[in-house]
Amino acid sequence: MPEPLIRTHNLEHVYPAGGGVPALRGVNLTVRRGEYVAIIGANGSGKSTLARHLNALLLPTEGDVWVNGWNTRDAARVRDIRQTVGMVFQDPDNQIVATVVEEDVAFGPENLGVPDDELPARVRWALETVGLSAQAKRPPHLLSAGQKQRLAIASALAMKPQCLVLDEATAMLDPVGKAELLLTVRGLHRSGTTVLAVTHTMSEAVEADRVVVLSEGGVVADGTPADVFRDEETLQSIGVDVPIISHLARMVAQRIPDFPSDVLTVQAFADAVCHRLGGQG
Amino acid sequence: MTTETAVPSTPVRKIVVSGVLGAVAIFLGWSHLGFIPWIAGAALTIMHVPVIIGAVLEGPWVGTAIGLIFGLFSLLQAVIAPTGPVDVWFQNPVISVLPRLFIGVFAWLTYKAARRISVPWILFMAGVNVGIIAAFTFSLGQSNAAAALFLAGIGLGGVAALTYSALKMEREPLALVLAALVGTLTNTVLVLSAIGLFGHLPWAGLPAIAIANGLPEAVLASILTVAVVVAWKQIETGTRKSSL
Amino acid sequence: MNADSPWIELRDIHYTYLRGTPLEAAALRGVSLEVRAGETVAVIGPTGSGKSTLLQHLNGLLRPQQGQALVLGEDLGNSAVDVREIRRRVGLVFQQPEDQLFERYAGDDVAFGPRNYGLPLDAVRERVREAMESVGLPFEAYKDRLTMTLSGGERRRLALAGVLALEPQMLVLDEPTAGLDPMGRRSLLQYLRVWQDEAERAIVLTTHNMDDVALLADRIYVLVDGRVVRVGPPRQIFGDPGFLLEHGLGLPSATQVVQALAGRGCSVPVDLLTLEEVADAVERLAYERV
Amino acid sequence: MSASEFDLLRSVTLGQYLPTGSVLHRLDPRVKLLAGLLLLVAVTATSSLAGLALALALVVGGFVVARVPLRYALSGIKPMVPFLALLALLQIVAIPQNDLNTTLLWRWAFVTLTVRDLVAAALLFLKFAVLMWGFSLLSFTTTTTELTHGTEHLLRPLQRIGLPAHEFALMVNIAFRFVPLLATEAERLMKAQASRGADFGGGRRLNFVQRMRKQLPLLVPLILSSLRRAEDLILAMEARCYTGGRGRTHLIHLHAERRDYLALAGILVVLALTVAAGFLSADAVIWRAIASIRTS
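Heads up: the protein sequence lines correspond to chains A, C, W and E, in order. The first sequence begins at 32 in the numbering used here and counts up by one. The second sequence begins at 125 in the numbering used here and counts up by one. The third sequence begins at 7 in the numbering used here and counts up by one. The fourth sequence begins at 10 in the numbering used here and counts up by one.
Each hint should be verified, as a subset may be incorrect.
Derived contacts from chain E toward chain C, CB cut-off under 7 Å, selection only [said to hold, decoys possible]:
(1) F92
(2) S145
(3) F187
(4) I232
(5) E247
Partial list, computed: chain C residues near chain E (C-beta under 10 Å) [stated by the list, open to error]:
(6) S142
(7) V173
(8) P174
(9) L181
(10) P217
These aren't lab readings, by the way, just hints derived from the structure by calculation. Each residue gets a CB set at the ideal place from its N, CA and C atoms; glycine is no exception.
Turn these sequences into a full structure, and let the hints guide you.
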């Protein structure tokens with residue numbers, strides 16, 4: 032079994048100003064290369080706190096976190112860890128450093144000391160991947176929120192990370208922006224990047240092939256979206272909504288007994304209906 | 125939203141906080157929100173408040189850096205987009221940039237010292253101030269008795285109010301008020317002295333301007349500094365309750 | 007303003023930012039809109055269609071450069087109108103309002119509005135109590151809380167309370183549920199519905215969440231590039247999903263399912279809006295085939 | 010009444026950069042920065058009208074080359090004309106220049122007006138104008154980003170003696186990056202508070218306390234929000250492995266070409282003449298030349 036990309040062991044975190052209440056209570060999580068994992072939970076469940084341990088922005092109060100075999104407590108490895116795990120944050124405006132799009136993308140590689148002559152090609156590749164090549168010379172404050180988030184992804188990509196953590200990256204986007212961002216992320220995952228999406232938007236969680244549910248700092252569920260979203264009651268009790276479609280599927284299942292209730296997307300639901308009607312007709 | 129109180133001051137933090145508060149200073153100047161019209165067409169500025177806040181929160185280096193940005197910007201604004209006669213003098217970096225480098229340092233020193241303030245120290249300071257005002261009134265009294273008495277009245281009133289509130293306030297807000305007062309007076313005194321040095325204004329007139337302009341600016345700066353820092357570091361003060 | 011005339015009537019409003027400068031940008035190009043007592047009107051449109059600019063004409067933050075804005079019988083075109091009184095009766099809440107809180111204690115922030123209108127302390131306290139209770143922030147428990155220590159959802163409801171404390175006749179909300187987690191969104195919508203049913207009140211809101219629109223709106227205005235391209239009840243507007251998708255607008259979940267079913271030949275009535283209706287329609291389809 | 014009282018913020022466009030794409034725009038920013046500094050030194054150092062006229066010609070020529078409409082470029086000085094006139098008058102009254110061998114033009118009670126007074130007034134006006142238009146030309150033709158790059162590259166050799174050139178440039182870059190954000194934020198704050206009865210119109214004379222009560226609820230959340238944004242940006246920069254200037258490579262490299270050296274040399278010559286004119290008392294020479302033509 033190859034070493035997982037990310038592994039946490041009894042990870043606990045207490046914020047100094049948090050009044051002693053642990054934000055994370057003993058989280059054990061492993062993520063293998065190439066996985067697309069969604070981390071969901073109500074506000075205050077510890078989602079973002081967990082995400083910020085994965086690139087050593089936060090260090091555990093108790094327990095350990097390993098990235099690519101390196102312990103995040105090992106100061107000498109912090110740079111390698113952050114190069115391996117890129118991160119995109121929630122607010123599009125507050126994560127852009129430079130006053131020109133292409134220079135912001137270059138910021139990360141410049142910090143890594145990527146040789147000067149390699150930088151232009153890398154910046155062009157990153158902007159190409161997220162579809163922002165035309166905006167290279169423009170100031171960021173003239174971009175839409177969706178474009179700014181894609182710029183943030185390009186800036187993380189330019190460091191050639193093995194894994195990309197999206198910390199509620201679609202929360203402040205409109206539907207068009209959300210769809211574009213999810214499309215970009217799906218493309219990255221298909222080309223081999225491990226993706227960890229912290230979100231409370233169910234349409235984003237359904238994109239993943241594995242869902243981890245957090246509540247009050249602990250993992251309460253970990254499985255495929257279909258398994259996790261089958262149990263609507265417990266999820267609602269910890270303040271997590273199921274995708275609207277699984278809610279609809281469950282309502283139909285009450286009316287038509289053998290209707291599959293583990294359906295998650297609009298298309299899957301429509302197929303199930305037609306299959307159910309076709310099969311009977 | 126919890127902010128860690130004891131946060132190590134890494135180089136990144138120093139650069140970012142300086143840049144962001146520097147942006148506030150630039151914005152206040154550029155949008156004229158930083159100018160509050162005062163009597164006789166003069167305007168009080170609060171563009172030095174971000175410098176004081178930066179110094180109090182992140183130390184003297186950040187205070188100096190924001191002071192530099194504030195100074196360079198006011199130089200640039202005086203040259204490119206002048207609005208009043210004062211701007212002609214502010215085209216000279218010794219007047220617009222040099223004094224602003226010291227606001228942060230003095231504000232930080234006062235803030236650090238004031239946190240260890242004790243009642244006898246307050247009374248001692250009150251005594252010192254009264255002495256200064258007395259000497260000043262005596263010297264000015266030679267040439268213009270009426271003005272001297274008037275200014276002395278203001279000065280004594282100020283010291284009395286300050287001493288009373290110092291005895292009443294808690295440690296942290298008091299330290300912030302003193303940091304803001306010293307920071308503002310540093311700016312006013314050094315800028316006016318530089319102006320005096322270049323002979324733009326007669327030396328005799330400077331103390332009057334210092335008090336007429338400097339004191340209200342100091343009051344404004346301390347109100348703003350306390351309101352921001354106390355909210356940012358979530359410090360409970362005063363009645364610890366809303367006014368309802 | 008007689009009884010049945012609309013509370014708000016915009017006629018052919020044009021607005022251009024920075025008019026006459028090289029940075030000129032036309033936001034509204036002839037918009038007409040009407041809001042009647044007790045109605046909930048939704049304004050939907052892609053980002054940059056002029057939604058926020060339109061909303062700011064409803065409480066006089068922006069005055070019409072061209073066309074007429076009649077709000078509660080006053081013509082906002084002429085500058086003699088007491089616009090502060092209009093702003094009291096038409097409460098406007100901006101996007102991410104939690105960023106605009108400035109008082110240290112929650113109670114004081116809600117009191118900002120009533121104090122601006124010179125109310126005595128006990129009247130202010132009563133207004134603040136009522137407003138905070140109506141958004142699920144118990145007065146005694148929350149009035150002395152530090153604003154910065156409240157959660158994002160709580161601060162957004164506090165900002166809403168700050169407007170409700172002025173006892174407005176109308177609420178104008180710019181993306182009220184944007185960025186909230188599902189629980190926060192549900193509770194906010196609940197408070198809005200309760201507020202509207204309490205008395206004859208109207209709501210105008212913009213949002214990208216089409217499920218909210220299907221749930222709340224009596225009438226919908228579709229805005230594209232500063233022009234109203236469609237207006238009508240939800241069933242009619244969402245009955246033509248192609249048109250909305252074409253302009254980059256989302257669809258309520260129910261409509262998405264209906265479209266997917268239609269695409270596969272299982273025809274269900276096209277104007278279904280809620281999940282219950284879809285579930286019943288599928289049930290009917292299943293038992294018809296038997 | 011179309012412009013609302015909140016529009017002032019939206020018009021806060023940072024600097025007056027006009028992308029006319031002229032050769033001046035394509036000059037190496039280091040040359041333009043050095044030119045600005047040289048102009049500052051030359052204008053303050055010279056005491057000769059002729060020299061200043063030369064510098065003025067250089068700046069106005071710059072506007073033409075940069076294809077900046079002259080009326081627009083020079084209009085910036087309009088608000089200052091009354092003040093400059095006032096200052097000139099003050100100078101004449103306060104610092105009489107009637108001792109040297111100068112011809113007396115006019116006398117009234119204790120006020121004396123001599124040729125030298127006029128020259129002093131003209132010097133004051135010209136120095137102010139040349140400096141203002143010179144730096145306006147700089148801001149028309151150079152973006153803030155180029156300015157920070159130019160400054161960083163100019164200061165880089167000093168980095169070896171401990172001057173934090175990289176840190177300073179990054180800080181200024183962040184400041185320029187945040188000003189437009191603060192502008193939109195402040196506008197939203199003003200509108201939110203106006204929606205709750207705050208009166209920013211301020212048509213009638215608000216006294217000091219009223220005005221402060223209006224401005225404080227605006228400034229506190231504005232500064233708090235900039236501190237919040239700083240916390241996010243710190244995380245974002247750390248997540249991208251920023252640990253200070255050492256070992257950092259650079260995407261942007263400034264290459265001075267022949268035309269840059271030529272331009273700098275040209276500017277140097279003109280400004281040297283401007284200063285030299287003062288020492289060679291060129292004004293007197295020219296004055297005598299004009300006088301001799303007139304009398305012959």
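Hint by hint, here is what the structure shows:
1. The closest approach between the C-beta of F92/E and any C-beta of chain C is roughly 4 Å, which is under the 7 Å cut-off, so the hint is satisfied.
2. For S145/E, the shortest C-beta to C-beta distance to chain C is roughly 6 Å, which falls under 7 Å, so the interface hint holds.
3. Annotation: interface hint on F187/E holds; nearest CB of chain C at approximately 4 Å, less than 7 Å.
4. With 7 Å as the threshold, the beta carbon of I232/E comes within range of chain C, its nearest partner Cβ sitting at about 5 Å, so the hint holds.
5. A hinted interface residue such as E247/E counts as satisfied when its beta carbon comes closer than 7 Å to some beta carbon of chain C; here the least separation is about 6 Å, so the hint holds.
6. Using the Cβ-Cβ criterion of 10 Å, the hint placing S142/C at the interface with chain E is satisfied: the shortest such distance is roughly 5 Å.
7. About 8 Å separates the beta-carbon of V173/C from the nearest beta-carbon of chain E, less than 10 Å, and the hint is met.
8. Against a cut-off of 10 Å between C-beta atoms, the interface hint on P174/C holds, since the closest Cβ of chain E lies about 7 Å away.
9. Using the Cβ-Cβ criterion of 10 Å, the hint placing L181/C at the interface with chain E is satisfied: the shortest such distance is roughly 8 Å.
10. Annotation: P217/C was flagged as interfacial toward chain E, and the flag holds, the nearest CB pair being 8 Å apart, inside 10 Å.
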